[in-house]
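> With chain S held as given, fit chains Z and E onto it using these hints.
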Amino acid sequence: MDIKDIIKEENKVYGKTPVLTDNVMHYCPGCSHGVVHKLIAEVIEEMGIQDKTIGVSPVGCAVLAYNYLDIDWEEAAHGRAPALATAIKRLNPDKYVFTYQGDGDLASIGCGEIMHACNRGENIVVIFINNAIYGMTGGQMAPTTLLGMVTATTPYGRNAELNGYPLRLTELLAQLDGTCYVTRQSVQNPASVRKAKKAIQKAFENSMKKKGTSFVEIVGTCNSGWKMNPVKANQWMEENMFAKYPLGDIKDI
Amino acid sequence: MKEEIIIAGFGGQGVLSMGKILAYSGIMQDQEVAWMPSYGPEMRGGTANVTVILSDNKISSPILNAFDTVITLNQQSLDKFESKVKPGGLLIYDPNGITHKPTRTDITICSIDAAEECAKIGNPKGYNMVVLGAFLKMKPIVKMDNVLKGLKKSLPARHHNLIPLNEQAINVGMDKVKVEFEVK
Amino acid sequence: MAEKILLKGNEAIAHAAIHCGCDGYFGYPITPQSEVMETLMAQKPWETTGMVVLQAESEIASINMLYGGAGTGKRVMTSSSSPGISLMSEGISYLAGAELPCLVVDVQRGGPGLGTIQPSQSDYFQATKGGGHGDYKIIILAPAYGQEMYDFVELGFELAFKYRMPAMILADGVIGQMMEKVEIKEQKPRWTKEEILKISPWAATGKTADRKRNIITSLDLDPISQEQHNIHLQEKYRQVEENEVRYTEYRSEDAEHLIVAFGCMARIAETAIDRAREQGIKVGLIRPITLFPFPKKPIEKLLPQLKSMMSIELNAGQMVEDLKVIANGKVPVHFFGRMGGVVASPDEIYEAIINKLK
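Protein chains in written order, with our numbering: chain S, 1 to 253; chain Z, 1 to 184; chain E, 1 to 358.
Excised from the complex, chain S in its bound form (with noise of 0.2 Å):
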């Protein structure tokens, strides 16, 4: 049998949507930043929405978010992306606008931005990575870093008395008023990657019905961060990670 004769549209089983670009990630085997890029493309590609959607990328390992992603984008200096993202909205509100942000971009350096505009309700979309720890720097302290891990600033173990705590955010947002959906996921196994996508597009949907913020947080992994490998580090955090931050929908309305 030839290779033509298995590479048919017939026996297509899955295939790449065209809203991911060709170019080689960046990401480190193994990162979750992979998986959401495509989940977020396919959501994309499924609504028909790629000429009306804006992205807006942070600072941290996906600031190169708009090579991956075949859509108009914005990049932000650190932490703002949602102070972008409100006036991109506002000036177009016919557009899908999304943020795709870090720990350290969200939740420490941004931390006002991402307050106020979800206490404003901004009809946008956030994207949150927590994996607790700097990935693009080389590993250092985030706010989300667990009690006792080692990073690079917390070399014998985050330490409450020294560090504080493990900032759980998306509980916060979920008290504001502006935000109608808040939800925390994750992509390690198939089943939650399902779970996943449809947090995302029900995100994407919500941006136009005028109900507020939608924020999907999306527990990942950094292996290289935490100098595990794959495996490991997707065990490590079902193990570690969500007893801290369970996962499910804290807010839906």
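Mixed in with the good hints, there may be bad ones.
The calculated BS3-like cross-link candidates involving lysine-lysine, where the alpha carbons are at most 30 Å apart (straight line), are [unchecked claim]:
#1 E:297 <-> Z:58
#2 E:212 <-> S:198
#3 E:212 <-> S:38
Restraint ranges, calculated between C-beta atoms of paired labels, are given here [to be verified]:
#4 E:325 <-> Z:181: 48 to 58 Å
#5 E:316 <-> Z:125: 44 to 54 Å
#6 E:219 <-> S:16: 36 to 46 Å
#7 E:198 <-> Z:156: 39 to 49 Å
#8 S:137 <-> Z:65: 37 to 47 Å
Derived from the structure by calculation, the hints contain no laboratory data.
C-beta: ideal position from N, C-alpha, C; glycine also.
Here is chains Z and E on its own, set in the frame of chain S:
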């Protein structure tokens, strides 16, 4: 024609709005105008002053060392600005609560007991218009119909019914201003 | 006939924004410029022109909202005063790096730190030399009249879009708080979607099938290509210097002594110049309207007839450094200034002229 004026008193006496009406009156007769307030925390209840310039020509400096006319509505302002009247110029002051009267002999000095006069006509809010009337009597640099047009421009429409009351207060000020000393 | 109304400089900015078809204002209250947003909120332009007006949570958010809005090809602006501009400076650097047009208004107050709320010109360096990081310039317009506060909003947007760079109106507490007669222009419509696509094909307006995706960014990790980007920016700044110099002159034709002053200080200096002229001192004025690009050539042109130059500023001596470069040792360059929110009076300037220029 160029007239450089400073109006000084307490916040709440209507110093800024009197200046604004004067400036608007100037615009109504096609003059160049500038209205430069003191601003800041002192505006919230302390002393307030505003420089108003009306001129036939383009106005250069809005910051002035001396004035053609100084209008003071309390002792502090009188103490501060008496020396700033140009020789031969005009000082108008409210004598209410004044213990140290003006002493210069090279300027014309007038007083207007505006609080009493506006109380007499039952229009305590007309205080600054009585003062304006006193000034316009001494220096009729803007015509009354332009003042009324200026009032209309500077007051929100919902207050336009108060214009006749303001006009009355201006007339009272014109009538009651007292010349205490006239420079030759 | 166009209507002439009495407006504070700050109010003139707000009315001009609406009238010229600005798409969005994003700001944070700070004295002495809060009337800009207060006036916009009172005018409710979202009900008439569709202009967005938003009180942001901080100056940092405001300037990043400008980045977001400008990135979609909209005409967006903010206003603040000195400490707020310091907070915005990072964002202005990003806007310059990403080549985004926008308008920033700085109604300066005295510093450093929290300083005072009284008028100052002590942010000349910050504005003209780049307050944020990296090699960049922004167009600086320095109004001296309420009418210029009004007119420079539209001019600022025009220049910002012509060169794809931020423009700033560098005013001060005097011009912001003073009321003057302002001639109001006719309402212009905001740009349509089609106009935006034509004017700003680079903008993030939603990727359509007929073009590649548009990416608004100031990031380029490859130093060679980042250098190329810098060369391109510098070339653009040279064009701005070549084409966009604006200034006025006052009694300078036969001047032997030249005063250079901008904003409110130029007007105050005019009064002092008149007095000095009465004393037979041949003194004139150049008032730079654009501080970047600085009016080098007009000053150089006068150099052969000059015996001295003098910079008058509400700061410790900032623009004077630019004058010294232009003078290049040919004539002495003097300086007179007041600081911390004190506004120099015509008498003081006259004394300074007598003492230093005679």
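> If a hint holds in the structure, say so; if it doesn't, say that too.
For each hint, the structure was consulted:
1. E:297 <-> Z:58: holds (27 Å)
2. E:212 <-> S:198: holds (28 Å)
3. E:212 <-> S:38: holds (19 Å)
4. E:325 <-> Z:181: 48 to 58 Å: holds (56 Å)
5. E:316 <-> Z:125: 44 to 54 Å: holds (46 Å)
6. E:219 <-> S:16: 36 to 46 Å: violated (26 Å)
7. E:198 <-> Z:156: 39 to 49 Å: For residue 198 of chain E and residue 156 of chain Z the Cβ distance comes to about 42 Å; the hint holds.
8. S:137 <-> Z:65: 37 to 47 Å: For residue 65 of chain Z against residue 137 of chain S, whose Cβ atoms are near 58 Å apart, the range 37 to 47 Å is violated.
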